[in-house]
Structures are given as structure tokens and as C-alpha cells.
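Colleague: Sequence:
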Amino acid sequence: MGHLGALLFLLGALGALADICSIPEVDSKLVQGLGQHLLPWMDQLSPEHLNPSIYVGLRLSSLEAGDKEALYLHSLKLSYQQSLLGSATSNDNNDSQAKPSVGQLAPYLLALRANCEFVGGRKGDRLVSQLKRFLEDEKRAIGDNHQGRPHTSYYQYGLSILALCVHQKRVHDSVVGKLLYAVEHDHHLHQGHLSVDTLAMAGLAFTCLKRSNLNTDQSNRINLAIRTVQEKILKAQTPEGHFGNVYSTPLALQLLMTSPVPGVELGRACLNAGAALSASVQNGAFQNALMISQLLPVLNHKSYVDLISPDCLAPRVMLEQTVESFSQSQVPEVIHVTLKVPSVWPPYRHFISVPAGSSLEDVLKKAQELGGFMYKTKASLSGPYLTSVMGKEAEEREFWQLIQAPDTPLQQGIADYRPKNGETIELRLVVW
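Just so you know, the sequence shown maps onto residues -18 to -1, 1 to 414 in mature numbering (1 follows the signal peptide of the UniProt record, and there is no 0).
Possibly wrong hints are sitting among the right ones.
Derived pair list, reagent style PhoX-like, types lysine-lysine, alpha-carbon separation capped at 20 Å [what the hints assert, rightly or not]: (1) 402 - 322; (2) 347 - 360; (3) 11 - 59; (4) 360 - 348.
Hints in this document: simulated from the structure, not taken from any laboratory. Only a predicted model underlies this, so the values are computations on that prediction, with no experimental measurement involved.
Taking the hints into account, I'd like the entire structure generated from these sequences.
Modeller: Next up, the structure:
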């Protein structure tokens, strides 16, 4: 702690002088450990497991995975181009094979730029057209009077604008205008709380438009929106130093590091956030591949905006696969978790025993094996999420929230959260 304290003091003095957003350096072994969490994902090349965000995060980091990266990008191209372009022309009878959604096209375009490629050619133009149509559909859903919402989210809306921007693809001013209005009027950017992730993604999109000289007729509004996003994120900083929560902090820092409006308050806030992130990494908080992929660029002082002009020749440190040893004679400890679902009738409540270190998903699987409990999930780039519990489907504007009793929402998904012995976990159907 003494070393960290001295480092924070030094960086604090420098940050106050320079008025920039900088964070303390994180131990290289911790960074290596984060990268090693991604290596198993790099080996999963089936369409349902491919996640372009992993590739982007690694390419913007100080780490590299050698030949695995080229193979992973090749697999992404096969899966995304064939499935997305094929779905535009086929009758969609081949639903047995997992297909990326149009909403996943944005991170795929970011992955191409991470390899210093511009989308182009006939196939590339069709992919760009698909993403532009997606934004037009979302714009219509929001409506001329801004009373509606996107079919997906403003996060996805901002990500799509960003993905097109780094490829120098302009979208109509009216599309950008919907996101500007949402930020200016704090419109549907909440899901029970201020969504720092959504704000940060909008800010990154605006920053890209500004740096790329796109949508110049909106320049004044874009500049003001960047400042508004920055101020809202700074106000969302917790006493521990996180922006919103630990998992929204990396994306928030990506934005603040690109900030065109530096200040002393910004420098101090970033130093505190960096120290909080370092402590969270040390405590093993980052296990989810998507969250790690957003964090690694920050630890290398990069952001998604750097994909405007990526440095594909920058030296990076080779990742080495670690092999964990496990004694077969070692008997795993058993923990006991209470699982309850009050949102159904009759309410469900049972005592579930699983090996220590099991995920919440393991608990749900065990409960289903025991009988009297059933659930369904849907895959996403951030991991599986609940769509149905005890036959009760989450309808539009509803979702199954994970609660640590008595009333603490979990910040991790079912595949990442590891319950402790004696915990009670509630699955609660809520409206947002």
C-alpha cells in the first residue's frame, strides 16, 4: 500500500499540473492474468461462442495472443459475413445454426478496424447498409416526438454510430440527433439507475464524430453533449472511486481519457477510479470476458476512439497459457445456497448444495436437476442471461434481476457470479 500511495501522490501532482485523465500503472502480472482469462475464449471458434469484443480488447491492449489472433479474426469474418449477409438474402430456414444478430454487427466492425482494416467491397458495403438500416429502424422506434425507445437500447444505438464512425461512414444527422436528444434531456438513459455504460458509449460515439469531422452541422450540440456526458459520469463516482459500479468504470475511463475538456476535477477523479480498479483486479472482480475486453484498453491508455487510426505495429507482450494443476484426491468443499423466486405462484424457495467456487448458473442447473425448478437463458456477448424462470417469461421492458438477499442487485451475470456459503439469491422479475 505504501508503494501505491506514493504512486498515487506522484501521479496526483502530475495530474493536477497536466489537467489530464490518467490512472496509476497496474502491475504487469495482474494485466497478464486478465489477458490469460481471454485465451480460453480465443480457442472457442464455434459461431455461438465468437465475441468480436474480445478481439478488440486484446488488440487495444499491451498484450498479444500470436497466431490465435489471426485465426480468431478469420473465424469472425467467416461467421459474421456469411451469416449476416446470408440472412439478408435467404428465407432464414436454416435456424439450427447460430447466427450473429444485426446488433452484433457493430462490435464486428470495430474488430476489423482493430486490425487496421476498413470495411469495403461489395460485401462490406452490404454490412454497412445493414447497420445503417438497423439505426434507421431504431430511430423510427424512438419517434419524431422522442416518446418511444429503441427496440434494443441507447447503448447499442451509440455503439452502432461509433462502429460506423471509425470506418469513416457517415450516418444521417437525424440519427445522431436522437442520441443527442437522449443525452440533452436524460431521455430513457436509466434502467432503475443512471446507466454510466450508456452515457460513456454515447460520449465515445460523439468524440469519434468530432475527431473524424463527421456530421459537422451538429458540431455545437456534439461538443456540448460530450461535456454533459463527462459531467454526469463524474457525478456518478462512488466514494470507493468507481463510476457507477466497478464494471461500468472501464468504459467511463475510456471516455474520460479522450476528453477534450480536461480539468483538475477530471484528473483527480481518474486517479481515484484507477486505484479502485487496480484493487478490484487484485480481488479477482474481473472474470467476464466482455468486461475484461473493456478494461484492457484502459490499462494500456487506449479507448475505442483510437480505432479511428489504430497502431497495429505497436509492440505487445506475448501471452502464455497457464496450466492449473489439480489433485484428483482433493475433495471439493460443498457450499449451501438458498434460491428463491417470489415472482411466481406458488413462490419457490429451496436449499441447494453445490461445490465451492460454483457459479450461480451452476446453482440454477443443480436446482433444475433436483426438480421443481426450471429456467431458460439466452446467449449474449456479455454471457447468458435469464429469459424465463418457472415458466414465467420476461416480457418487453421486463427482466429477471439477480438479487443477493435482502435487496442487493448483483453486478455480475449468472455465469460469473459465485455465491458464498449461506447466501440467499433471489430471482426477481422487474419492470424497467
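Colleague: Now look at each hint and say whether the structure bears it out.
Modeller: Checked hints:
1. For the hint linking residue 402 to residue 322, the alpha-carbon distance of about 15 Å falls within 20 Å, and the restraint holds.
2. A distance of roughly 15 Å separates the Cα atoms of residue 347 and residue 360; the hinted pair therefore holds under the 20 Å criterion.
3. Between the alpha carbons of residue 11 and residue 59 the distance comes to roughly 32 Å, so the proposed pair goes past 20 Å and is violated.
4. For the given pair, residue 360 sits about 18 Å from residue 348 by alpha-carbon distance, which is consistent with the 20 Å threshold.
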